[in-house]
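Enquirer: Going down the list, the protein sequences come from chains X and V.
Oh and the first sequence: position 229 is 229 in the numbering used here, straight run, nothing missing.
Oh and the second sequence: position 489 is 489 in the numbering used here, straight run, nothing missing.
None of these hints come from the bench; they were simulated from the model.
Incorrect hints may appear among the rest.
With a straight-line cut-off of 27 Å between C-alpha atoms, the simulated DSSO-like cross-links for lysine-lysine are [to be verified]: (1) V:Lys-533 with V:Lys-486; (2) X:Lys-128 with X:Lys-72; (3) V:Lys-160 with V:Lys-171; (4) V:Lys-160 with V:Lys-497; (5) X:Lys-204 with X:Lys-128; (6) V:Lys-743 with X:Lys-298; (7) V:Lys-737 with X:Lys-298; (8) X:Lys-298 with X:Lys-240; (9) V:Lys-382 with X:Lys-181; (10) V:Lys-163 with V:Lys-56; (11) X:Lys-336 with X:Lys-298; (12) X:Lys-298 with V:Lys-738.
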Amino acid sequence: MRLIKQNIEHKDGSGTATLLPEEPEDMWHAYNLIRPNDLLRASAMRKIITESGAGSRSVERVHTTLTIRVTKLDFDPQASQLHVSGRVAEENKHVKLGGYHTLDLELQRNFTLEKNEGWDSVAIDTLKEAVSQDAKAQLWAIVMQEGLANICLITEHQTILRQRVEVSLPKKRAGSTDHDKALQKFFQTTFDSVLRQIDLANPKPLLLASPGFTASSFQQFIKTQAATGANKQLQQFLPKIIVAHSASAHLHSLSEVLSSQAVTSKLSDTKFARETQLMERFFELMRNDDARAWYGPKECEAAVERGAVGKGGGVLLISNALFRSQNIATRQRWVKLVDEVKEQGGEVRVLSSMHESGKRLEGLGGIAAILTFPIEDLNDGDDEGGIEDDVFANGDGDDHVNGFEGRREHYEDIEI
Amino acid sequence: MQRVKNIDYDEDDVYSEEEEYHEEPSYTDEDRESFTALTPVVRAELQESGLQASDKEIEEALWHYYWHVGKSVAYLKNSRTPRPQQPQQGKKDKEKPKSKFDQAAEESAKKAGCMIPFPSTASDWFQGISWSVIPLGIQGELVPAFAAYPRPQLLGGSSKLAKLAEERRKKAAASQAAPAAPSGALGSLDRLSKSKDVKENVLPPTMPEPRKYPIRQKREPTPPPKEPSPEPEEATEDLPDLRASPTEFAKTMATHAAPSQVAEAAETHMDSIFRSSSNEDPFKGPSPDDTVMRAQWHSKGINKHARKPSDGLLIKKTEALKLEPKIKSKGLDVPKLWAEGRASRKSAAAFVVIGHVDHGKSTLMGRLLLDTGAVAQRDIDKYAALLIPHTFVSMLINARRYQKQATELNKSSFALAWVMDTGSEERERGITVDIAQHPFSTLTTDFTVLDAPGHRDFVPNMLAGASMADLAVLVVDANQLESGMKGQTREHILLAKACGLERVVVAVNKLDATTPTAWDENTFQSVRSGVQKLLTSVGFQDPNISFVPCSGLSGTNVVNPAPSTGPTAWVASTSGTILQQLESSPPTSPPEELVKAPLRLQITDVFRGSITNPISVSGRLAAGNVQIGDTVLTQPSGEKAIVKGIEISAEPREWAVAGELVTLHLSDIDPVHLRAGDVLCSVDKPVAIVRNFVAQVTAMEALLPQGVDVHVGRLHVPGSVAALISTVDANGEVVRKKPRVVKGGDTANVKVSLQEGAPLAVGDRIILRSGGSTIAAGQVDRTGS
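The shape of chain X in the complex, shown without the other chains:
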């Protein structure tokens, strides 16, 4: 994303920023920047229906620039598209004030954003991150096992599952070659899918990970395909394939893969490496039941209050999903927390909820902290009670993208 123009007043956070998204990943940043009630100005395509005096209707599509007050955002990670709905805030000759419109942000088209509540520190950090021109590491990864392959694109901020290949393989059976045949077919299907996804003209590294030998067998399969076919690009692609070990073919195994030495050395994604390292450290402390590691909104807030997340190793890990809250007060709560930790001299890491480490964090409620000194009784007196009754409320478990607010608020009895 390129910053075209900005006039943000740092004192009160007022002002606008004009941005130019250049690549699909920028939509993700835009998704994290734009909040409900913000003013967004972008080019739009609007269908205008005019009715003449004689009653005949003519439909016309016009290009216009609209300013809307955002009510809803819809991000499609697969296609990297962002749809922003809202009500028109500035009248023009085509559209009346208050009319509804959904803007589809497009690549290579400017948009201008003005924050309703002003640009807070987190928003400014997000903006900085979005416009940073550092080389963006990208990587294809296939986590697989026999009969299952998840093909994903790993970018700096997201892990996007692009395709899932699932084939029912017959197990080994004496005197039958069905298993081998089906395995070859599975490799072929996966290979074809990969070719459809990957741009061989400008290939990113491909990481194959699996338990057992599936990944190396698949690498061998690709090599054979490259050797027999006339695809020159594929042959040049071969050195970019890395084979690693994963515990299973499921996506959450990716974190294990991505933190392995073989991968980090090639990835040189320092941000991600640091985050992964911190997550590992946090889990290690948890495993040892060390009271310096705490997770959960209330616990972390309490820890920050006591000044435990400060200078000398205090780290606050927070998922950016928390900042996407529809509720302004909730967002402000987290922004305040972040500011406080920064003030105390602690380290704040905003993890992408679309990335592997961020997903692990989400399991913990989206927020975790490593304290500078142990506090034993952070969650004492915290007996909301009746968790037995509410375990299945709000329970989709994997619906992480839309944040956590209200996650433990609405409980109801389940019938079994």
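Assemble the complex: chain X is given as a structure, and chain V must be docked to it using the hints.
Expert: Relative to chain X, chain V alone:
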């Protein structure tokens, strides 16, 4: 008739003549009896029309027409008519252009010859075909038409039986040195009247004209109805009639719809056919086709109501058959059958072989199968021969096995392991990847070996095996106890317990390779105490644990007891051989409630059983019973399938009950709806699809809210621990609500969310793994949506 045949001669006919088998009819006693009875009748008939025939001819005719007097007479009469052309003239003889009259004559003669002038025969062929009851409204107006060419024979003429009979007839005629002199008494005009007997139909039929004859003959007006003829036999001498006879097809069509006077005559025919009261009926018994059909019917075990061949309700039956499902349940009372046969049955047990990688599980099992005779030495030798040097070296490089030189010893170890390791990758790398299943029998018990992989990457497969087993055989390398204790010996013991196994036989393996001396008793004892401690700590009861010193490679103390002298002398004082230990493990019979419970079977494998059984699934019947013909439901796909066949240890069965390892052949389902890990259940009480559940688990490592792999037997799905609800103590009392972490060894109630719904029920044993290690195991306590 012969003359007419000539016209049609083509290469096919010549060919078939050459191929014809020269078999003289050999008569049985029964035949002869029929001959004595029928020959005079036929002779009388012939004499009536002024013809003579030898006994032999009559017999022949009768034999070929299955003792049908009318047909035989007709045939004999025909054979005595003058033949202008001999069959041997062959196809090269071009027909002279024929006069219209001649054509018509041929037509009629052909009809008379090829279709025996008895409507009954054709009706017979059509009996049971329901289109004979076409309502009047939709019947076409049938008008006679004269074909300019010999018509293609419909149905009757083309039936294989008729063809065969005709061939035989021709043979017989040709083989007679001097064909019977045509009696001059019968002229061509006579022959034309052959079909007189069948023209009582009001609606003379038309034959469907083949398309290649576009020019239709001028149609005659519908002829006036004739008087019903008295009897078919009298048709022999009658007025010439140039009209073509109705086809057999049309006759059958008309049988029901014909006006009354005709119907009456037809009725008599039909009656005589269907009731088969007349002993003239050539199709009295079931036709060969019927016999074959019925045999097949029976062999498939489909039809309980055998079809009665000469039943007047054949049509009804045919319709009823169409409605029957392809595979019909016999409606057996399986629990009862099972309870009745309980005493007489051999006990059956499945055991899973577990242990650390490279401790010799597969080799030990290969040895066990070899020594019990389930596998022939020949196969082992074959495998040994297949171990060509370069593969072998690559195996050693690739992996692992022993750190010694590539000796003959290692080679035979691999050969034994190959009994279980049938996959190409397994053999190439010398490592078991997936469960191998192999049955073997002793005098007392039918065993099923489930050879589990030891490598940590394949623990999911080991879980699939452990969930199907009744007991476990833990293989421990006496020389490498330490590596196992840290690795999969420990994990497998935990998992075996988590899968609900209670009994474990510990095979202390590779005692022939102990240092400093082979069969060192101290080594055995130290291994024993170490493993025992671990087993007890996990929760196995002492009486359910037994230790057997053995060597899978040499086979000592596996099936055959160790020599009572030499270094192995002390072995006899331990608990016998592995096989003895297995046999002494009482295989538990499932309780009756379990057999009567709704069907539950977790699919461990979906495969192509054979050409006839393209979709087969295997697994252990966790509950309930199943029999051939049952309809089952697969979850989570929710598709129904019919059980086409059941196999246990490659033996076909009619039914199976809980606790058995079965292969079910399914039909009426697309294989995309079946995956390993899915559950087959009864249609009435299907297993629910669950996305969230509460489980009481024992943590093996620190358990946090985190992403986990959830295993339930073969099922392996991604999920997450969504919340830690409470930790509980041994009595189930809540120690702490909402703990921030569950430490290893603690028991806790946790909420687990799955990414996709999975078929789960309360009480299912679940195992949570993460990053390649088991972090918790337990049972489903409550299920949510």
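Enquirer: Now look at each hint and say whether the structure bears it out.
Expert: Cross-check of the supplied hints:
1. Straight-line distance between C-alpha atoms of V:Lys-533 and V:Lys-486 comes to about 14 Å, which keeps the hinted pair within the 27 Å bound.
2. Straight-line distance between C-alpha atoms of X:Lys-128 and X:Lys-72 comes to about 23 Å, which keeps the hinted pair within the 27 Å bound.
3. Restraint check: the Cα-Cα separation between V:Lys-160 and V:Lys-171 comes to about 16 Å, which is no more than 27 Å; the hinted pair holds.
4. Our distance criterion of 27 Å between C-alpha atoms is broken by V:Lys-160 and V:Lys-497, whose separation comes to about 67 Å.
5. Distance restraint check for X:Lys-204 and X:Lys-128: the Cα-Cα separation of roughly 25 Å lies within the 27 Å cut-off, and the hinted pair is therefore satisfied.
6. A distance of roughly 22 Å separates the Cα atoms of V:Lys-743 and X:Lys-298; the hinted pair therefore holds under the 27 Å criterion.
7. Simply put, V:Lys-737 and X:Lys-298 have alpha-carbon atoms about 16 Å apart, close enough for the 27 Å limit, and the pair holds.
8. For a cut-off of 27 Å, the pair hint linking X:Lys-298 to X:Lys-240 is broken: about 45 Å separates their Cα positions.
9. Using a Cα cut-off of 27 Å, the hinted pair V:Lys-382 and X:Lys-181 holds, with the two alpha carbons roughly 23 Å apart.
10. At roughly 22 Å between alpha-carbon atoms, V:Lys-163 and V:Lys-56 fall within 27 Å of each other, so this suggested pair holds.
11. Annotation: proposed proximity of X:Lys-336 to X:Lys-298 holds, straight-line Cα distance about 14 Å (limit 27 Å).
12. For the hint linking X:Lys-298 to V:Lys-738, the alpha-carbon distance of about 13 Å falls within 27 Å, and the restraint holds.
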